[in-house]
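Trainee: Chain H is fixed; fit chain B onto it per the hints.
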Amino acid sequence: MLKRSLLCLLAGLASLPAWAQFRVEVSGIGLTQLPIAIAPFRGDDVAPQKMGAIVQADLERSGQFRLIDASGSGLDENARPDMSPWRQKGADSLAAGSVTRLADGRYDVRFRLWDVVRGQDLGGQSYAVTVGDLRLAAHRIADFIYEKLTGDKGAFSTRIAYVTKAAQRYSLWVADADGENAQAALTSPEPIISPAWSPNGTQLAYVSFESRKPVVYVHDIASGRRRLVANFRGSNSAPAWSPDGRTLAVTLSRDGVSQIYGLDAAVGGEPRRLSQSSSIDTEPVYSPDGKNIYFVSDRGGNPQIYRMPASGGAAERVTFTGTYNISPSISQDGRWLAYISRVSGAFKLHVMDLASGNTNPITETSADESPSFAPNSRLIVYATKQQDREALMTTTLDGKLKARLAGQGGDIREPDWGPFQKQN
Amino acid sequence: MSMKKYVLVLGAALLMAGCGSSVKLDDVPVEDRSGASVGADSNAAGKNGVTSVDLDKSKSGVAPAGPRVVYFDYDSFVIKPEFQSVVEAHARHIKADKGRKVAIEGHTDERGGREYNLALGQKRAEAVRRAMVLLGAADSQVEAVSFGKEKPAAQGSDEAAWSKNRRAEISYR
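Those sequence lines, one after another, are chains H and B.
With this note's numbering, you'll find the first sequence wraps up at 424, consecutive numbering, no jumps.
With this note's numbering, you'll find the second sequence wraps up at 173, consecutive numbering, no jumps.
For reference, chain H alone in the conformation it holds in the complex (with noise of 0.2 Å):
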């Protein structure tokens, strides 16, 4: 068994602090990956965000790639490189590029990408973008790399919610799929649980304890304008959005047992009883197309995950193996569901194919929790301890690549990964 730790540190990039956090573990033996180079942009050591390192770190931590030394070639997207070297090297791809100050204080980003192999000029972009957007722009940089060669949509230009403890204040946090440019969409004395994307990225459902007791919110991301759309009497929490944004299921325990309800997203209103047991049934999680709600019961004597369709009705077992299966996610192509499974006391994120009903663990930790796919359901998110310190992790779904994200100080929990944002 292969195992390996390596700062995704390239010599020369020392010295920008928010890469000291990004760790990529690679395990296993088997992972086929791309080699590409990636040089240095131009105008790199002078921008506020270094292109050329966004775009590797994106690249490596899908695990489809490894990253071939290109520093100190000096291309840009206007070179006409000489392939034989970067053959030799052992690259199959190339890309190069530049970021430039323009007059009104934008930036210019523009970059090229190859082929070493073929010898062939694959395309290139370029954007105009505010200071702010420059590492959304090195994201989309890697969202066309990513594409071009592994034929699936990118998703590293996409956002992930999660909450932050520090000093027992809670925070709401909205970052860049690398962890970084997070920003504070909420912040409070009371916990904060469960952020649920809708599914056009605007608008974050979530359960906060604010009025000492919990009660789900929806909040619109760019106004701050918040919602209080479940407040029945006992807990109100676990929302999660449909995916035609309509509705919004939540558990309650307004009859004394926590249940799965439909409520309408935009206007609230009387709720709709979706599951009928007299057990514990939460968690709920819309299938992509909408048909089919997965959730958690523990109706059989301990808790595993179940499936029924979205307007309520018979439920079936999915979960067979354990006696303590919760929090489903399943991936944006309807093939996989991950969950966190007790095994001998530990809590692991496992991840079972849907249609062979196939499950394995793909972690070496003990407390994993939260788990959430990348839209294109190539990587998952999740909470996890790492030196009994909390730690947001991504993981390739075989579990041989992991990436520790950056993010704030104190401890770090409920990933939720949000959708493609459409590009303008």
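Treat the hints as calculated values from the structure; they're not laboratory data.
We treat Cβ as the ideally placed atom computed from N, Cα and C, and that holds for glycine.
Be aware that a few hints might be false.
Straight-line C-alpha distance at most 35 Å; calculated DSBU-like pairs for lysine-lysine [to be verified]:
1. Lys385/H / Lys101/B
2. Lys98/B / Lys385/H
3. Lys348/H / Lys385/H
4. Lys348/H / Lys151/B
5. Lys98/B / Lys151/B
6. Lys165/H / Lys89/H
7. Lys400/H / Lys165/H
8. Lys153/H / Lys89/H
9. Lys165/H / Lys101/B
10. Lys95/B / Lys151/B
11. Lys348/H / Lys80/B
12. Lys164/B / Lys348/H
13. Lys164/B / Lys385/H
14. Lys148/H / Lys400/H
15. Lys101/B / Lys164/B
16. Lys153/H / Lys422/H
17. Lys80/B / Lys101/B
18. Lys400/H / Lys153/H
19. Lys151/B / Lys101/B
20. Lys165/H / Lys95/B
21. Lys385/H / Lys153/H
22. Lys151/B / Lys164/B
23. Lys151/B / Lys165/H
24. Lys153/H / Lys291/H
25. Lys164/B / Lys165/H
26. Lys348/H / Lys153/H
27. Lys348/H / Lys400/H
Partial list, computed: chain B residues near chain H (C-beta under 7 Å) [to be verified]:
28. Ile79
29. Glu82
30. Ser85
31. Arg114
32. Tyr116
33. Leu118
34. Ala119
35. Asp139
36. Ala144
37. Ser146
38. Gly156
39. Asp158
Mentor: For chain B alone, kept in the frame of chain H given last:
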């Protein structure tokens, strides 16, 4: 409750002061229903003082003396015999005062998922709520809510801490 009225009286006084009319605050008899006149507080800084309200420090209503926490065994929602008297004392208290409301706040230890623990804490709170209603408290007086594992009473990852965290707290509101 008295705090709320106090703020209302003060708020009304400030509102009038801001009108710009010839009304002098000293001439206006403000009926004091709170039992404590404006400015009688030891922290008050004279007539122009503003009492700041810190929601972080809002106190629950006066609870009867004695214990108000019920502890549970691992994976259990059964009120143990030694805590029966706690439940009875509080049920008696609110039965005698139909205006009182309490929240039963259920909690769990740190093991497992946040949402599933929220549901487990709810089951503990619901067990205490039901017991109090059986003892004569009105259904509308007692609300069962849960904090799951979010508000541990004791820090630590051993049974000593966990046993203090598997609990339901009776909170007067």
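Trainee: For every hint, state whether the structure bears it out.
Mentor: Right, here's what the structure says about each hint:
1. In summary, the hint linking Lys385/H to Lys101/B is not supported, as the alpha carbons are separated by about 39 Å, beyond the 35 Å threshold.
2. About 47 Å separates the Cα atoms of Lys98/B and Lys385/H, which puts this hinted pair outside 35 Å; it is violated.
3. Simply put, Lys348/H and Lys385/H have alpha-carbon atoms about 11 Å apart, close enough for the 35 Å limit, and the pair holds.
4. Simply put, Lys348/H and Lys151/B have alpha-carbon atoms about 23 Å apart, close enough for the 35 Å limit, and the pair holds.
5. Between Lys98/B and Lys151/B, the direct Cα distance comes to roughly 29 Å. Compliance with the 35 Å bound is thereby established for this hinted pair.
6. Note on Lys165/H and Lys89/H: the hinted pairing is violated, with a Cα-Cα distance of about 45 Å set against a maximum of 35 Å.
7. For the given pair, Lys400/H sits about 29 Å from Lys165/H by alpha-carbon distance, which is consistent with the 35 Å threshold.
8. A C-alpha spacing of about 27 Å is found between Lys153/H and Lys89/H, which places the hinted pair at or below 35 Å, so the restraint holds.
9. Proximity of Lys165/H to Lys101/B is assessed by CA-CA distance (about 31 Å); at most 35 Å being required, the pair is judged to hold.
10. With a CA separation close to 29 Å, the supplied pair Lys95/B and Lys151/B stays within the 35 Å bound.
11. Straight-line distance between C-alpha atoms of Lys348/H and Lys80/B comes to about 33 Å, which keeps the hinted pair within the 35 Å bound.
12. Of the pairs offered as hints, the one joining Lys164/B and Lys348/H holds, with about 26 Å between alpha carbons and a cut-off of 35 Å not exceeded.
13. Taking the CA atoms of Lys164/B and Lys385/H, the gap is about 22 Å. The hint holds against a cut of 35 Å.
14. Annotation: proposed proximity of Lys148/H to Lys400/H holds, straight-line Cα distance about 23 Å (limit 35 Å).
15. A distance of roughly 25 Å separates the Cα atoms of Lys101/B and Lys164/B; the hinted pair therefore holds under the 35 Å criterion.
16. Distance restraint check for Lys153/H and Lys422/H: the Cα-Cα separation of roughly 13 Å lies within the 35 Å cut-off, and the hinted pair is therefore satisfied.
17. The hinted pair formed by Lys80/B and Lys101/B meets the criterion: a straight-line CA distance of about 24 Å does not exceed 35 Å.
18. Between Lys400/H and Lys153/H the alpha-carbon distance is near 20 Å, which keeps this suggested pair within the 35 Å criterion.
19. About 22 Å separates the Cα atoms of Lys151/B and Lys101/B, which keeps this hinted pair within 35 Å; it holds.
20. Simply put, Lys165/H and Lys95/B have alpha-carbon atoms about 39 Å apart, too far for the 35 Å limit, and the pair is violated.
21. Pair hint Lys385/H plus Lys153/H holds up; C-alpha atoms about 30 Å apart against a cutoff of 35 Å.
22. Taking the CA atoms of Lys151/B and Lys164/B, the gap is near 11 Å; set against the 35 Å cutoff, the hint holds.
23. About 12 Å separates the Cα atoms of Lys151/B and Lys165/H, which keeps this hinted pair within 35 Å; it holds.
24. For the hint linking Lys153/H to Lys291/H, the alpha-carbon distance of about 24 Å falls within 35 Å, and the restraint holds.
25. Our distance criterion of 35 Å between C-alpha atoms is met by Lys164/B and Lys165/H, whose separation comes to about 22 Å.
26. For the proposed pair Lys348/H and Lys153/H, the alpha carbon gap of about 28 Å is at most 35 Å, so the pair holds.
27. Distance check on the hinted pair: Lys348/H and Lys400/H sit about 15 Å apart at the alpha-carbon level, within 35 Å; holds.
28. At a threshold of 7 Å, the smallest CB-CB gap from Ile79/B to chain H is about 16 Å, leaving the interface hint violated.
29. Because the smallest distance between the Cβ of Glu82/B and any Cβ of chain H comes to about 25 Å, over 7 Å, the interface hint for this residue is violated.
30. Hint on Ser85/B is violated. Least Cβ distance to chain H is approximately 25 Å, over the 7 Å limit.
31. With its C-beta approaching chain H no nearer than about 5 Å, Arg114/B sits inside the 7 Å limit, and its interface hint holds.
32. Because the beta carbon of Tyr116/B sits about 5 Å from the nearest beta carbon in chain H, less than 7 Å, this interface hint is met.
33. Using the Cβ-Cβ criterion of 7 Å, the hint placing Leu118/B at the interface with chain H is satisfied: the shortest such distance is roughly 5 Å.
34. For Ala119/B, the suggested interface contact is upheld, since its CB lies about 4 Å from the closest CB of chain H, less than 7 Å.
35. Interface restraint check for Asp139/B: the shortest CB-CB distance to chain H comes to about 10 Å, outside 7 Å, so the restraint is violated.
36. Given hint, Ala144/B at the interface with chain H, holds; its Cβ is 6 Å from that chain's nearest Cβ, closer than 7 Å.
37. At about 5 Å, the closest approach between the beta carbon of Ser146/B and any beta carbon in chain H falls short of 7 Å, and the interface hint on this residue holds.
38. A least Cβ separation of about 12 Å between Gly156/B and chain H goes past the 7 Å threshold, and the interface hint is therefore violated.
39. With a cut of 7 Å, the hint placing Asp158/B at the interface with chain H is violated, because the nearest CB-to-CB distance is about 13 Å.
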